[in-house]
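Engineer: Make a model of the complete structure from these sequences and hints.
Just so you know, the protein sequences line up as chains A and B, in that order. In terms of UniProt numbering, the first sequence opens at residue 1 and continues consecutively. In terms of UniProt numbering, the second sequence opens at residue 1 and continues consecutively.
Worth flagging that the hints you see were computed from the coordinates, not collected in a lab. Please read these numbers as outputs of a predicted model, since none were measured by experiment. Beta carbons: idealized from backbone N, C-alpha and C, even for Gly. Treat the hints loosely; a few may be bogus.
Dumping the calculated DSSO-like pairs for lysine-lysine here, alpha-carbon to alpha-carbon at most 30 angstroms [stated by the list, open to error]: (1) A/K25 <-> B/K114; (2) B/K226 <-> A/K25; (3) B/K114 <-> B/K151; (4) A/K149 <-> A/K25; (5) A/K101 <-> B/K226.
Computed list of chain A residues with no C-beta within reach of chain B, every gap over 12 angstroms [what the hints assert, rightly or not]: (6) Q102; (7) S104; (8) I133.
Here are the simulated distance ranges between beta carbons [said to hold, decoys possible]: (9) B/R116 <-> A/A20: 19 to 25 angstroms; (10) A/G243 <-> B/R116: 30 to 36 angstroms; (11) B/S228 <-> A/L155: 51 to 57 angstroms; (12) A/P174 <-> B/A133: 34 to 40 angstroms.
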Amino acid sequence: MATAAVIAAPAPKLGFAYYANVLGKETRYEFLRMLRLRVFSLSVVGFPVMFYMLFGTINSHTEYARYLLASYSCFGMVGASLFGLGAGIAMERMQGWLELKQASPMPRFAYLAAKTISCAAFAMVIVCLLTVIGLTLGGVHMTAVEFLKLAGITLAGAIPFASMGLLLSFLMPPTAGPGIINLIYLPMSFASGLWMPINILPRWMQHAAPALPTYHYGQLALNIFGYAQPGTSMSTHWEALVGFTCLMLGAAWLLFTRSEAKA
Amino acid sequence: MSATAFASGLQQEPLTPPFKARRGEVIARLHSVTKRYGQTTALEDLNLSLHPGEVVALLGPNGAGKTTAVRLLLGLTAPTSGSVRVMGRDPRDAEARTSIGAMLQVTRIPETLKVREHIDLFRSYYPAPLSAAEIVHIARIEGLEDRLFGKLSGGQKQRVLFGLALAGNPDLVFLDEPTVGMDIESRRALWDQIRLLSAQGKTVLLTTHYLEEADMLASRIVVINKGSIIAEGTPAEIKHRVAGRRIRCITQLDAALLLRLPSVVSVERDREAVLITAAEAERVVREMLRLDETLHGLEISAPGLEDAFLALTGSDAEKN
Numbered sequence: 001m002a003t004a005a006v007i008a009a010p011a012p013k014l015g016f017a018y019y020a021n022v023l024g025k026e027t028r029y030e031f032l033r034m035l036r037l038r039v040f041s042l043s044v045v046g047f048p049v050m051f052y053m054l055f056g057t058i059n060s061h062t063e064y065a066r067y068l069l070a071s072y073s074c075f076g077m078v079g080a081s082l083f084g085l086g087a088g089i090a091m092e093r094m095q096g097w098l099e100l101k102q103a104s105p106m107p108r109f110a111y112l113a114a115k116t117i118s119c120a121a122f123a124m125v126i127v128c129l130l131t132v133i134g135l136t137l138g139g140v141h142m143t144a145v146e147f148l149k150l151a152g153i154t155l156a157g158a159i160p161f162a163s164m165g166l167l168l169s170f171l172m173p174p175t176a177g178p179g180i181i182n183l184i185y186l187p188m189s190f191a192s193g194l195w196m197p198i199n200i201l202p203r204w205m206q207h208a209a210p211a212l213p214t215y216h217y218g219q220l221a222l223n224i225f226g227y228a229q230p231g232t233s234m235s236t237h238w239e240a241l242v243g244f245t246c247l248m249l250g251a252a253w254l255l256f257t258r259s260e261a262k263a
Numbered sequence: 001m002s003a004t005a006f007a008s009g010l011q012q013e014p015l016t017p018p019f020k021a022r023r024g025e026v027i028a029r030l031h032s033v034t035k036r037y038g039q040t041t042a043l044e045d046l047n048l049s050l051h052p053g054e055v056v057a058l059l060g061p062n063g064a065g066k067t068t069a070v071r072l073l074l075g076l077t078a079p080t081s082g083s084v085r086v087m088g089r090d091p092r093d094a095e096a097r098t099s100i101g102a103m104l105q106v107t108r109i110p111e112t113l114k115v116r117e118h119i120d121l122f123r124s125y126y127p128a129p130l131s132a133a134e135i136v137h138i139a140r141i142e143g144l145e146d147r148l149f150g151k152l153s154g155g156q157k158q159r160v161l162f163g164l165a166l167a168g169n170p171d172l173v174f175l176d177e178p179t180v181g182m183d184i185e186s187r188r189a190l191w192d193q194i195r196l197l198s199a200q201g202k203t204v205l206l207t208t209h210y211l212e213e214a215d216m217l218a219s220r221i222v223v224i225n226k227g228s229i230i231a232e233g234t235p236a237e238i239k240h241r242v243a244g245r246r247i248r249c250i251t252q253l254d255a256a257l258l259l260r261l262p263s264v265v266s267v268e269r270d271r272e273a274v275l276i277t278a279a280e281a282e283r284v285v286r287e288m289l290r291l292d293e294t295l296h297g298l299e300i301s302a303p304g305l306e307d308a309f310l311a312l313t314g315s316d317a318e319k320n
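Structural biologist: Laid out in structure tokens, this is it:
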């Protein structure tokens, strides 16, 4: 046995500038990719806007117009996250694109963060469109502070629902992705009072709603306009969302390590 | 990454044939690697070393373990036992992959990004990438930069993927079926680029099911079957594994006499000519020309890589 030299690359020091640059580019191109993918951008932005045009303007100059402005903002964020991460990652994995990226030195966090940030950007577009419709057609009065609060609460939803999207991406057969997501997303939002005020839903649905993450998310947004269900403090809703996030990420991590071991 | 340091210490098995590559230096290696997926064994105690400047072609029938070997070297999966080292590091470490480039079989990449944007994004992953202009030039995708990826033809997509593999100016390049879907002209152009990579001292590991491609490009061919290496050598050496060369000519000499000539393995009739297989074709031809002045239509050919491959992997194996 001969002793041989092994070529060792000097450990490249990848600093903050490198990671910031990768995250910036990844996010920019992820957003562009989604925006140009009309199936995604039209449905994710189109549905909340269309629903608000219908239900918000029918009830213009009433409390409902304000209620629905908050609830459809949440509905938009949840949709963007579930489709953007859930269906997006499942598809990219199936097509081999994710594997090619994993064979590059791309930091994994950049991939997930870019998708989450892009979805949040879509949600901001939705919040702005809904606000414009509300102010013009819906007869909604709101202060600048209320608008900023609404944008902030909507953004906070990016983390729990991106986590849920990530978990779904591991569970779904990629070709059935969008269908399965709709089957979860639409009934879940409806039963949480995001489509129409929760107090006009059947009683049993109102009782079951606190089991849904979208209910707690919606309550936080509705609280801005004073429409949250009485009797529960806001910190309970925050805790519910934090707990939900941990559950989703934990399950996703478990599935990920299992699939790594099998790969 | 132009700077490379040399660290000695790791043991290396003696390699069968010497190559043009600088011997002794190892850029990547699989050391007695076994990989199991549940009950099935994809690789069994496999040893493979790659040396700087080599173009190594990995051949084998479907399911032989080629893809598993490539996935291990790219850090996409971990071995069940044994060790995987690329530039002396574990390729599952992201920083170890900064000097690797890969072209994998991808069914689709995001189609709503422009070629320019894909290149820009991949360049950002590497600490010392090639310039976008260089990538466009090497991959021969001039004029396509502003096209959406989804609007490209199959061959153009392959060229973009080749460009992405080189984005980081890697020392080690993995090309998994690189010329699938390319026309003959693009294929030859890509071969030229692969030769150029090798001339620059870069190492290329190629899997292909075009045996001609392996023959034209590889400095070493490694044939894998059922998770183990069954043959390894230069294309000429591999072809040599099937006995001798073929002589075809029109001659008056009869078959019985021809069979008695030194090193002749078989004699067959092919229409008006005879087909002789012999280990030492030159000696046989010299003798035949001496014995038969009317001999004409002489052709001598080496058995193709395909013959060798089929002989090595068993005739029932599908070629891949």
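Engineer: Determine for every hint whether it applies to the structure shown.
Structural biologist: Verification of the supplied hints:
Distance restraint check for A/K25 and B/K114: the Cα-Cα separation of roughly 14 angstroms lies within the 30 angstroms cut-off, and the hinted pair is therefore satisfied. At roughly 42 angstroms between alpha-carbon atoms, B/K226 and A/K25 are farther apart than 30 angstroms, so this suggested pair is violated. With a C-alpha separation of about 9 angstroms, the suggested pair B/K114 and B/K151 falls inside the 30 angstroms cut-off, and the hint holds. Taking the CA atoms of A/K149 and A/K25, the gap is about 29 angstroms. The hint holds against a cut of 30 angstroms.
Note on A/K101 and B/K226: the hinted pairing holds, with a Cα-Cα distance of about 29 angstroms set against a maximum of 30 angstroms. Distance to chain B contradicts A/Q102 as a non-interface residue, since its nearest Cβ pair spans about 6 angstroms, not more than 12 angstroms. The beta carbon of A/S104 sits about 5 angstroms from the closest Cβ of chain B, which is not more than 12 angstroms, so the claim that it is off the interface is violated. The beta carbon of A/I133 is kept farther than 12 angstroms from every beta carbon of chain B, the shortest such distance being approximately 27 angstroms.
For the hinted restraint 19 to 25 angstroms between B/R116 and A/A20, the CB-CB distance of approximately 21 angstroms keeps it satisfied. Between A/G243 and B/R116, the C-beta spacing of about 44 angstroms breaks the proposed range 30 to 36 angstroms. Separated by about 55 angstroms at the C-beta atoms, B/S228 and A/L155 satisfy the suggested range of 51 to 57 angstroms. The supplied range of 34 to 40 angstroms is met by A/P174 and B/A133, whose beta-carbon atoms lie about 36 angstroms from each other.
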